[in-house]
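So the sequence lines, in the order shown, correspond to chains A and B. Position 210 of the first sequence, counted from 1, bears residue number 210 in our numbering, the numbering being contiguous throughout. Remember, our numbering sits 1000 above the position in the second sequence when you count from 1.
Among the hints, a few may not be true.
Taking CB as the label site, the calculated pair distances span [unchecked claim]:
id : chain 1 : residue 1 : chain 2 : residue 2 : range
1  : A       : Arg-244   : B       : Asp-1093  : 30 to 38 Å
2  : A       : Arg-233   : B       : Thr-1076  : 23 to 31 Å
3  : A       : Asn-261   : B       : Asp-1093  : 37 to 45 Å
4  : B       : His-1022  : A       : Gly-85    : 52 to 60 Å
5  : A       : Asp-250   : B       : His-1015  : 55 to 63 Å
6  : A       : Asp-4     : B       : Asn-1044  : 39 to 47 Å
7  : A       : Ile-239   : B       : Thr-1068  : 40 to 48 Å
8  : A       : Arg-233   : B       : Glu-1099  : 28 to 36 Å
9  : A       : Ile-297   : B       : His-1017  : 33 to 41 Å
10 : A       : Lys-270   : B       : Gly-1082  : 34 to 42 Å
11 : B       : His-1015  : A       : Glu-247   : 57 to 65 Å
Distance condition first, Cα-Cα at most 25 Å in a straight line; then the derived DMTMM-like pairs of lysine to aspartate or glutamate [stated by the list, open to error]:
id : chain 1 : residue 1 : chain 2 : residue 2
12 : A       : Lys-284   : A       : Glu-264
13 : B       : Lys-1100  : A       : Asp-69
14 : A       : Lys-87    : A       : Glu-295
15 : A       : Lys-231   : B       : Asp-1093
16 : B       : Lys-1100  : A       : Asp-205
To be clear, the hints were calculated from the coordinates, so they are not data collected in a lab. Because the structure is a prediction, the values reported are computed rather than measured. Virtual Cβ for every residue (Gly too), placed ideally from N, Cα, C.
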Amino acid sequence: MNIDTVKERAGPREFSPADELPREYREAATRMIEFHANSEIMGAYLERPFIRQAPSIDRKLAFSAKVQDEIGHGQLLYRAAESLGVKTREEMLDDLANGDGKFLNCFHYPMESWVETPMIAFFVDGAAMRRQATLRRTSWEPYAHAMDKVCFEEGFHVKHGEDILRELMSGSKKEQQMTQEAFEEWWPRIIQFFGPTDDKSTHHDFAASVGLKQQSNDDLRNAFLDQYIPKARKYGLEIPDEPRIRERDDGTYAVEEDDLNWDEFFTIAKNEFEPGLGQINGRKTAQEAVDWVRETIERDASAAGGHAPQAAD
Amino acid sequence: MIWEVFRQEKTGGYHTHCGNVHAPDREMAKQFAAVQHGRRKPTNSLWVVPREEVGEIDGEDVVFGGTTDKSYRWATTYNTTGADAREVAESEDEQATAEKQRGDD
Chain A
1 MNIDTVKERA
11 GPREFSPADE
21 LPREYREAAT
31 RMIEFHANSE
41 IMGAYLERPF
51 IRQAPSIDRK
61 LAFSAKVQDE
71 IGHGQLLYRA
81 AESLGVKTRE
91 EMLDDLANGD
101 GKFLNCFHYP
111 MESWVETPMI
121 AFFVDGAAMR
131 RQATLRRTSW
141 EPYAHAMDKV
151 CFEEGFHVKH
161 GEDILRELMS
171 GSKKEQQMTQ
181 EAFEEWWPRI
191 IQFFGPTDDK
201 STHHDFAASV
211 GLKQQSNDDL
221 RNAFLDQYIP
231 KARKYGLEIP
241 DEPRIRERDD
251 GTYAVEEDDL
261 NWDEFFTIAK
271 NEFEPGLGQI
281 NGRKTAQEAV
291 DWVRETIERD
301 ASAAGGHAPQ
311 AAD
Chain B
1001 MIWEVFRQEK
1011 TGGYHTHCGN
1021 VHAPDREMAK
1031 QFAAVQHGRR
1041 KPTNSLWVVP
1051 REEVGEIDGE
1061 DVVFGGTTDK
1071 SYRWATTYNT
1081 TGADAREVAE
1091 SEDEQATAEK
1101 QRGDD
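So that you can see chain A by itself, here it is in the shape it has in the complex (with noise of 0.2 Å):
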């Protein structure tokens, strides 16, 4: 197939495995899902340490659940960006240790308390789930069948970190002025995920004509502060004066893009930013200190596949 059937075919869950496709399609559907699956790795790694920090032994259990769904959600997508053929799910995790893989700006700041979870948990993954949502239509098949079972258990997720939200901000003072800063330090990154502006995005053009990506950055951010920006007021949050937001006439959200720093959202996309370093390195550290367990498995199955030579072969 040439780029010009794919662009012309180029609909929901058209293209499988079994599909000869161009190396240019190939190459940005792996960009676009290896980038999807190193962000639920470094997600869960963020949050893991919350699971021992948890207030209660519900919001333990919940947790819990959730860093061992994302975890599950980081399979999925390997297995999904591995069936293009460009790179082996080996050399995924490789480069996300050794500082290659790309992965969501919100992941590369260090989070230090409870407060903060559910600036993850509610704001981060609603945004997710509001584009996870518009890949159920992506037109590589595989991706499309694992956003069906990622949005299933998703709701679980953002339902969470709002009752956490919910919790927070009708407790204390001090707990609500607490959860206010942080929502203060969040806001502006938790807006940036949705990335650059249409005009400044790189790949977008091409992503879209091929099918892949379903609806424009502007599109989702928008439409993902029309439907938080009322969920965050309901709670007693104050929207931040900076970046600044037009309400439009007719109840809609636009934010002022020259108020947020792109200069450091560049930097964390280019895996410079220093916080971001040592996310990247405590993976890579945790990643090396089970490399026991992995290699016991594996014996294991060999010794009883009978995969190994034989001495009588």
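Assemble the complex: chain A is given as a structure, and chain B must be docked to it using the hints.
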């Protein structure tokens, strides 16, 4: 020799247990199964399996799942305020359906 019989009603459906037959070998078991279990009821395919090949484990041997409260895993557990985003509501609906089908919590 006793053979357990499994019937599938439609292509792509599950083979479910529907009874057994007494037969000296596999060929006879298939014929008896067709006569005794394949007639009248909708049948697309039958399996016959020697009874001694069937392994069984029951509630006296082991505690099965489904008794542990895992409600924390479901979106439906959490009380939040205001209308949810469309995709969040969809996910919650899918979970509510699955929860009902599983019949556990």
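Comparing the hints with the structure gives:
For Arg-244 (chain A) and Asp-1093 (chain B), the Cβ-Cβ distance of about 36 Å falls inside the hinted range of 30 to 38 Å, so the restraint holds. Between Arg-233 (chain A) and Thr-1076 (chain B), the C-beta spacing of about 25 Å keeps the proposed range 23 to 31 Å intact. A C-beta distance of roughly 38 Å is found between Asn-261 (chain A) and Asp-1093 (chain B), which places it inside the suggested range of 37 to 45 Å. Against the hinted window of 52 to 60 Å, the Cβ-Cβ separation of His-1022 (chain B) and Gly-85 (chain A) comes to about 54 Å, which satisfies the hint.
Between Asp-250 (chain A) and His-1015 (chain B) the Cβ separation comes to about 56 Å, which falls inside the hinted range of 55 to 63 Å. A hinted range of 39 to 47 Å holds for the C-beta pair Asp-4 (chain A) and Asn-1044 (chain B), which are about 44 Å apart. At about 41 Å, the CB distance of Ile-239 (chain A) to Thr-1068 (chain B) agrees with the hint of 40 to 48 Å. A beta carbon spacing of about 31 Å between Arg-233 (chain A) and Glu-1099 (chain B) agrees with the range 28 to 36 Å that was offered as a hint.
At roughly 35 Å, the beta-carbon separation of Ile-297 (chain A) and His-1017 (chain B) lies within the given 33 to 41 Å, and the hint holds. The given range of 34 to 42 Å is respected by Lys-270 (chain A) and Gly-1082 (chain B), whose C-beta atoms sit roughly 38 Å from each other. Between His-1015 (chain B) and Glu-247 (chain A) the beta carbons are some 60 Å apart, a value that agrees with the proposed interval 57 to 65 Å. Restraint check for Lys-284 (chain A) and Glu-264 (chain A): satisfied, since their Cα atoms lie roughly 23 Å apart, inside the 25 Å limit.
Taking the CA atoms of Lys-1100 (chain B) and Asp-69 (chain A), the gap is near 21 Å; set against the 25 Å cutoff, the hint holds. Taken as a hint, the Lys-87 (chain A) and Glu-295 (chain A) pair is honoured in the structure, with Cα atoms around 22 Å apart against an allowance of 25 Å. With a C-alpha separation of about 20 Å, the suggested pair Lys-231 (chain A) and Asp-1093 (chain B) falls inside the 25 Å cut-off, and the hint holds. Between Lys-1100 (chain B) and Asp-205 (chain A) the alpha-carbon distance is near 43 Å, which puts this suggested pair outside the 25 Å criterion.
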